[in-house]
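The primary structure of each chain is shown beneath.
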Amino acid sequence: MDPARTPLGQMLLEEITPVVMVLSTPSVEEACLKNGFSFLQMLTPFCSFNNIDVPVRTASDQPYRIHKFKLRLFYGSHVKKPDLKVAKEQLNQVITDSGEKVFSELCLDASEIDHETACSEDRDTPSWFQFFNKELVRMASFSDHEAFDHPVACLLAVSSKDEHPMSRFVDLFNTNKLPSLLKDGAMDPKILKHYLLVNDNQDGAADRASKILTEMRSTFGASDCSLLSINSSLDAPIKHQDNPWASQACDASPNQDLGCFLNIDDIDEIKDIMQNLSSKHIIPNMEQKIRVLNQQVSATRKGFKNQIKNLWWRKGKEDVVDSLNGPTYNFNSIESQIRVLGDYAFMLRDYELALSNYRLISTDYKIDKAWKRYAGVQEMMGLTYFMLDQSRKEAEYCMENAFNTYLKLGLLGQQNATRCGLWWIEMLKARELYKEAATVYFRICGEDILHSAVMLEQASYCYLLSKPSMSRKYGFHLVLSGEQYKKCDQIKHAIRTYRSALFVFKGTTWSYINDHVHFHIGQWYASLGMYHVAVKHMTEILACSHQSKTTQELFLGDFLQVVEKTGRTFEVTKLQLPVINISSLKVIFEDHRTFGSPSAVNTKENLWHSLEEDMIPSFTAAKSNWLELQSKLILKKHTQSNVCVTGEAVKVNIEFINPLQITIPVSGVTLICKHSTSTDELTSDEKESSVTTDNEVDHFRDMSSYNSSFLVSEVDFSLRGGETTTVQLSVTPKEVGTLEILGVRWKLSGTIAGFHNFELNHPKKSIVKGRRKAKQSPNEKFKFMVIKSIPKLQGSVHSLPGKAYAGDLRQLMLDLRNPSEFPVKNLKMKISHPRFLIIGNQENVKLEFPACLTKKIDSVQSDAHASPNVMSETVFSFPVDTSIQGETPLLWPLWFRAAVPGDISLYISIYYEIEDISSVIRYRTLRLHYNVQVLPSLDVSFQISPSRLRIQDFLVRLDVVNKTSSESFQVYQLSSIGHHWEISLLQPPDTIFPSQTLMAGQAISCFFTLKNSRRSSTSEYNMSTIPVGSDVLLVPQCSQDLVYNMNNVPLVNFHYYERLQQKVSHEDLGDLNTVDFVLISRPLNSSINPGLSDPPHVMSHHTCHLSTASTGPISWLVDGPQTLHHDFSASFCEINLKMHLYNSSDATAFVCIDTIDFDGSGGHMNSANTVQSATPDNQAGWHDVTPATELKVTPNAPETQPGKALSLDSVSPYIWSGSSSTNINLESMSSAEVPLQICVFSPGTYDLSNYVLNWKLPSQGLGASDETRQHSGKCQGYKYHLTVLQST
Amino acid sequence: MIVCVAVVGHQNNPLYIQSFTEADDALKLHHIVHCSLDVVDERVNNPKKSGPMLNETFLGLLYPIENYKVYGYLTNTKVKFILVTTDIDVKDADVRNFFRRFHAAYVDAVSNPFHVPGKKITSRTFAERVSTIVKSFGFSSAA
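Same order as they appear, the protein sequences are chains Z and V. Numbers given in this note's numbering equal positions in the first sequence, counted from 1, plus 48. Numbers given in this note's numbering equal positions in the second sequence, counted from 1, plus 121.
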């Protein structure tokens, strides 16, 4: 790469060029001012020569050619070190101006903050940096330690108008007026002079000018004088096509056309003069000087002898001078001359020569400790190396060395250090070592904050440009620089840097940094009064849950302050405070489905579907097969969007989350909706109340104004730190058309309005009620077809308890109202849990509860007949003439019974049709949902065992445990329902319930005998399906007419469902031998739990399918004496027994009775079949009745174990003396008697259980339902103790 | 003294950043850690330097900034551990040892089935363990 083409090379070729000092008289200036510029300005454009061809010959004999050359013109008064203060102010001005300029550009596109474009622009280093750097370099110019700023020539200009022009020329170069550099000996005052006579053609007197010229030529020498005529264009100002002065236009007044009085000839003349000056005077002069100096230098310094001499001489000097600047060198000193030689050579681009001289002088300065000069020379060496494109390392080393040396000098070297640094940076940049350049920038940052800000910013760009680009460092340095800008009140620059930094941090999760940047940009914009932009940035940081509480308060406080300053409520899209949980969004609307309560809404749709399946005709049709279903859905998609009804609210549930730790007030939460009167979406006459584009804030403001076509609800709330609230918003359309819900808006702290569009790309959105169409576009879900008002039933169930004890039986009232004037008809109803809730009859309304349950009104027997039929239907249809309209509600009784403990959800769906046929919706359903918590109350269990006294008699043990914690109950009545069962108490009730109450936690047992009355009427039982039962009152003093009738309406129905329910869990062991019990209990009023709003009146506990014949269809009874006196001295004793057998099955059974005699090994106890006899002897606490443990579980039955105390060993054996095996065929439902006999040889107590009963049923001819039934079995004899005593 | 430790995920998202100074300099440390990622990237993507130590997880001194020294460590899953310290002369062995223990703690923390990969580490146990490791920094090799 050609170093001259690099930016640094270009800069050096422009900046390190011969300086021409211009001295002019006021009249010259005057003449030039006519054109709008000074004399110097007039000449400047013609000082750079791009296609000249000048042969140059310096120290070597070989000439070379220069094609480009440039002169720098300075007025004599300017040839001095710039005043630091002025320069600084100037620099600050530069920064401020550029700040304004860049910022205003930035603001143009700030209206639409588009970071992407902003970033790409910023990637290019802002141009004003170049200018700024140039100014910085200029600050270090005209230093006495370097020669390239020293004027090479002097241009003296006198106007032809001046009087005594000759003396003016002399005066101009008066030593008093000369710059200090020439005066105090830093440079040779004997410099090349060129005399220029300026003639203003407007003033005429061209002959005077030529006269003066000849005079000049004779005085100063012919070649050194020239005449310049200007302002030749006499009248008309000339417009120059490409104005050579255009680049200087900033200094001049803009309205004046620069150079308007200069015609082409004038310009050509200026050009010629300048070119002449440079190629004929300055360059040869410099060449000559180089040659002279080179000779001198080689005479004094070159060669071995000179070097030794020089070394010795310097060493001797060392002790003398020890000032900071080192010794002062005037222009005569060899050191200065070498330096001048070097600089001249550099300017004439003889870099080899320059380098050798710089090297030479560098060591001298170092030895002399002339640090500034040393640094200057090092700097030049670095640049020379660079221009030679040799030894990059050397170049960098020199630059670093120079830079460090300047830095060591402190304030004195400050400007030079900066300049050196900048050159160094340019050098590094030219070699694409951006990272290193950035570190140099970092080192340039001095005390001056503003400068360091600019440097840091430049450093940041270097990081960005480095490969690979270090964007994080870029961001960091931008932030640092922004901080510095802020410190010097360059807010606009600060904003600019921070905004550039944003793109680094955007999209990352480095939230602390992000917050910092956004917050400060916001603050700074606010301080500039640009509140809109400020708010935009501030909103970014609102959801700063990771920050500390104080920071959150600060952020929110500042934000509110800024918003307040905007002076109106501010609309912000996607305000992050509070956070909206979009996945929680639920749209609730009622088309043909209406809801009685919010909880009904939350129920899953398919649950309702299954419930309503039977009632709604179209649904069943649609589900016939999947092909049809698909096509219908597609059709529906076009024709039928979501439907809602005029006047009925569409509700939206939204969850708001406060991510902060501080409380935020939120008010005015409303839905943003759009309503168009046309149902067709394509028509253009939409009457929009707001518009979808969220940028257009105005539209949202319109929202607040009253809108006629729909009503929206407004909610206010306040969110504490970290709180989450679900808000229900509603919109009620008032006109037919299309309604679309677009989003939600709210106000934070009353000043900032935020709105959130319900974005269309949330796949998770759950529209609870919307039918789930496969590819429904999401915004369809927010679109509703508003149809005209149709009646909507309102329903509720009165006095349904929220909490009830198990068994609680109540009468409830369903209240249906139709507020509209249109009647509805064809009502149907279905209930999800008929076990808990059944539908009563219209007549029941009049009934008084619980009195209606008692036998008194038993006369309505027809009810009982009818009800099982009703129950078989799952859908209850209201009478045909039922129609609800206007104010009069329809009341319909319902029966409620808390069947089992637990939390029960009851779903009721009511179907009705609308008489107005024209409506889109023909029918609607009202869905009601209630939750009931059922608490455990009484735990009832039964145990049935066959009585040993009479065949077909059973002993029933009832165990009741009060499971409640505080409640007391009165156990009122036990009823048996089954096939002709009769039940009676064994003991009078007084003995069972002395206190008549069952306290909390108390358990009691009582015994009943159960008699099968069917025995006598075997043939009749099939004739009636009505279960008849018998009732036992457990409360003594009650009269018989307060007995609850099990055949009364709700009880019998509930019993039906209980039977259904319990059938599932219990195996049906034969329908003939099962018995159902219903226990009626009543709570005692004295101890009503206040937690229950409505005390229960009657509670019923149903236990069904208790089997009496658990061992099989055969029951038997051994009949004989219990105690016998016999004189064993006479003979052994023969005892006759009788066995009664009964077949309770519906088929003929074959029974075989085998008696087993005592065998010696196992005693008289049968050990072969221990299953039956080893039944655990559970005395108490048996709650559930299982078939496996039945027969033998009668230890505490009336036959109170007489032989318990007897040792089995002492028992003498007995023998069966009758036939050892008896076979009989037992007809269905018949009994038989088998005689048995035993022989006893000694007195004692005998257990007569040593027999086995085998039975068999024919397996043919039985229904499939009887598959599970036992067909044969073997029964061990039960214990029958016989005591034989020795008679006296 | 260790000023700050940080865990940065493979997408350069901060997973855990904890400063151990009293001063409120969280922002500065965030910046330092964030910038150090540039150097980590550079080290990783520059095959010249990382050639001989291909499997080396320890990245060494990333860069000195102001009065801090920043050390880096890169796991095989491209999770970066950053250590910012004010100590002037830090033994390399100490830092390696620190990172090894820190890595172990991190592995345990992310092995928690309730930890969501790529999300910030909120485990209190991890924080406690890290602070113990930080406190014992520099003593281990001396002892």
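No lab work stands behind these hints: they were computed from the structure. Among the clues, some could well be false.
Claimed, not checked - Listed next, the in silico DSS-like pairs over lysine-lysine satisfying Cα-Cα at most 30 Å (straight line):
#, chain 1, residue 1, chain 2, residue 2
1, V, K190, Z, K535
2, Z, K584, Z, K597
3, Z, K584, Z, K116
4, V, K199, Z, K597
5, V, K149, Z, K477
6, Z, K782, Z, K851
7, Z, K1186, Z, K1322
8, V, K149, Z, K535
9, V, K241, Z, K1186
10, Z, K441, V, K241
11, Z, K597, V, K212
12, V, K241, V, K190
13, V, K256, Z, K554
14, Z, K554, V, K212
15, V, K190, Z, K477
16, Z, K483, Z, K535
17, Z, K259, Z, K241
18, Z, K483, V, K149
19, V, K212, Z, K483
Said to hold, decoys possible - Here are the computed distance ranges between Cβ atoms for each label pair:
#, chain 1, residue 1, chain 2, residue 2, range
20, Z, Q138, V, I209, 40 to 46 Å
21, V, N134, Z, K149, 57 to 63 Å
22, Z, P237, V, N167, 55 to 61 Å
23, V, N134, Z, L576, 31 to 37 Å
24, Z, S632, V, N167, 29 to 35 Å
25, V, T196, Z, Q776, 55 to 61 Å
26, Z, S632, V, T196, 35 to 41 Å
Computed from a prediction, not measured in an experiment: that's the story for all the values here. We put the CB at the ideal spot given by N, CA and C, even for glycine.
> So which of those numbered hints doesn't the model satisfy?
Replying inline: 3, 4, 6, 9, 10, 11, 13, 14, 21, 24, 25
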